[in-house]
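A.B. asks: What follows is the residue order along each chain.
Number of protein chains: 2
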Amino acid sequence: MTESSPTAAVLIIGDEILSGRTQDTNLNTLARFLGALGIDLLEARTVGDRKAQIVDSLNALRNGHDYVFTTGGIGPTHDDITADAVATAFGIELPEHPEALQILERRYGVEFNAPRRRMARIPEGGTLIANPVTDAPGFQIGNVFVMAGVPKIMTAMLEDVAPRLKTGAVVHARTVRVTGVGEGDVADILTAAARTSRTLSFGSYPFGHGSVGEIGTHLVVRGRDGQEVDAAVVALLADLEAAGIEATTI
Amino acid sequence: MTESSPTAAVLIIGDEILSGRTQDTNLNTLARFLGALGIDLLEARTVGDRKAQIVDSLNALRNGHDYVFTTGGIGPTHDDITADAVATAFGIELPEHPEALQILERRYGVEFNAPRRRMARIPEGGTLIANPVTDAPGFQIGNVFVMAGVPKIMTAMLEDVAPRLKTGAVVHARTVRVTGVGEGDVADILTAAARTSRTLSFGSYPFGHGSVGEIGTHLVVRGRDGQEVDAAVVALLADLEAAGIEATTI
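Residue numbers (the working numbering), protein chains in the order written: chain G, 5 to 254; chain H, 5 to 254.
One or more hints might be untrue.
Stated by the list, open to error - Listing some non-contacts, in silico: residues in chain H with all C-beta distances to chain G over 10 Å: (1) Val51; (2) Asp70; (3) Arg181; (4) Asp192; (5) Gly217.
To be verified - Below, simulated DSBU-like cross-link-like pairs (lysine-lysine); rule was C-alpha separation at most 30 Å, straight line: (6) G:Lys55 with H:Lys170; (7) G:Lys170 with G:Lys156; (8) H:Lys55 with G:Lys170; (9) G:Lys55 with G:Lys156; (10) H:Lys55 with G:Lys156; (11) H:Lys170 with H:Lys156; (12) H:Lys55 with H:Lys156.
Claimed, not checked - Reference listing, derived: stretches of chain H covered by chain G, where coverage requires no fewer than 3 residues with Cβ under 8 Å from a Cβ of chain G: (13) 77–83; (14) 90–100; (15) 126–136; (16) 152–163; (17) 233–246.
Hints were generated in silico from the structure; no laboratory data involved. Backbone N, C-alpha and C define an ideal beta-carbon position, used for all residues, glycine too.
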């Protein structure tokens, strides 16, 4: 929204998302997390467990954004190839990280075997991201944060990621609920409102869709200046009232 | 999975997804829909309501896949810019489509205004995709299918999309549920199984994660030859049993 806000992209890795076996929720978690930090999430990609595709996507995203967050593919099995792909994307080695090795040895004891040892491989120069759920760490290399795909673990890892990020001014969002009319009935008012400001964004999200029950639309005003957002909401409510359209803030 | 299967990509369009306001479910719906038709969904991207970003992403995806499915941005408000972006991506005009105009006039009657008229603009040569929920159509242009973002409408539009698609051999998936041990304990067995076939894929999806209750992992065998999948599952169960690991098909 402003030039000075950090930007971010998300890379979701896993055949299970593209096959439909799993409904991804990590993107939404990351979107809310980044929003709260004032970081603009501008793009997300979902790719399968294919190394070349991960490498290409990661290189496109890390060169275009301040931060990239990946989820998935850091477990012990043969289809967990994210660390390998990240090392290839950066053109660096993937040695065992002494601290990661310690963490995993402590966790698994006599059950620490070769597959689990794979999880200690961290791209050269990377730092660990703590995993308070199952211990096996994620890692940061450059502007890329590599996290688990299991939502509970991914979410827990964000605790260790947050302090490392530059933050921006938080985006304030307020919603005006319009009832009894459709999106098309408020579109002109919304367009006029949007023209009054270059720093605010105005979205419209209909509900009801002609089925039984109430119809209407949610108008969302977003901006980094809370007072500007508030003033725009007041003006929008006045415009809607003047047109005889029922609306309230929610 | 085989060279002859059609491939697809999904382009999710909407600030509300990237801001975290809305949890996308359309990708999962599309993934299951395409899977049932034997079409390989290889990639998805999520972008905001920014024309240049939509144009660039669409051109990258439509040149790389047999089909592209977009969701979002085809309503009547100023932030609905998908049709404009698609026309720009193809380098073609965006005239009013006579049939779309008829449909919308019939739907809205005296409430058919200028914003709603925007929804009749279809890239030159495009064909309509029926919307049995709110009438306002989606459209197909070349190998790109442009659909609504509201999940109920998007899902309904797939009825009109399905007959237009080349199908492939359906991928069969069977799941082996391993309990009492973690992913790392079955990784070697799974890797060995994966090495026996170039046409099957083997995934591992842990559950439990060291919290209270049962731990284990789901091993998913996928392939286009159902008998080959079945045989691989039988072999996998035997290997797990030989290693003293509890496993059943689910």
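A.B. asks: Confirm or reject each hint.
C.D. replies: Going through the hints against the structure:
1. Val51: 6 Å, violated
2. Asp70: It holds; Asp70 of chain H is separated from chain G by about 15 Å at its closest Cβ, greater than 10 Å.
3. Arg181: Arg181 of chain H is indeed farther than 10 Å from all Cβ atoms of chain G, at 14 Å.
4. Asp192: 6 Å, violated
5. Gly217: 13 Å, holds
6. G:Lys55 with H:Lys170: 27 Å, holds
7. G:Lys170 with G:Lys156: The hint holds at about 24 Å.
8. H:Lys55 with G:Lys170: Given pair Lys55 of chain H, Lys170 of chain G holds - Cα atoms ~27 Å apart, limit 30 Å.
9. G:Lys55 with G:Lys156: Distance of about 25 Å is within 30 Å: holds.
10. H:Lys55 with G:Lys156: 35 Å, violated
11. H:Lys170 with H:Lys156: 24 Å, holds
12. H:Lys55 with H:Lys156: Between Lys55 of chain H and Lys156 of chain H the Cα gap is close to 25 Å, so the pair holds against 30 Å.
13. 77–83: holds (count 5)
14. 90–100: Answer violated; 0 residues pass the 8 Å Cβ test.
15. 126–136: Check failed, 0 qualifying residues.
16. 152–163: The restraint on the region 152–163 of chain H holds, since 3 of its residues have a Cβ under 8 Å from chain G and three suffice.
17. 233–246: It is violated: at least three residues are needed, and the region 233–246 of chain H offers just 0 whose Cβ sits closer than 8 Å to chain G.
Hints 1, 4, 10, 14, 15, 17 from the earlier list are contradicted by this structure; the remaining hints agree with it.
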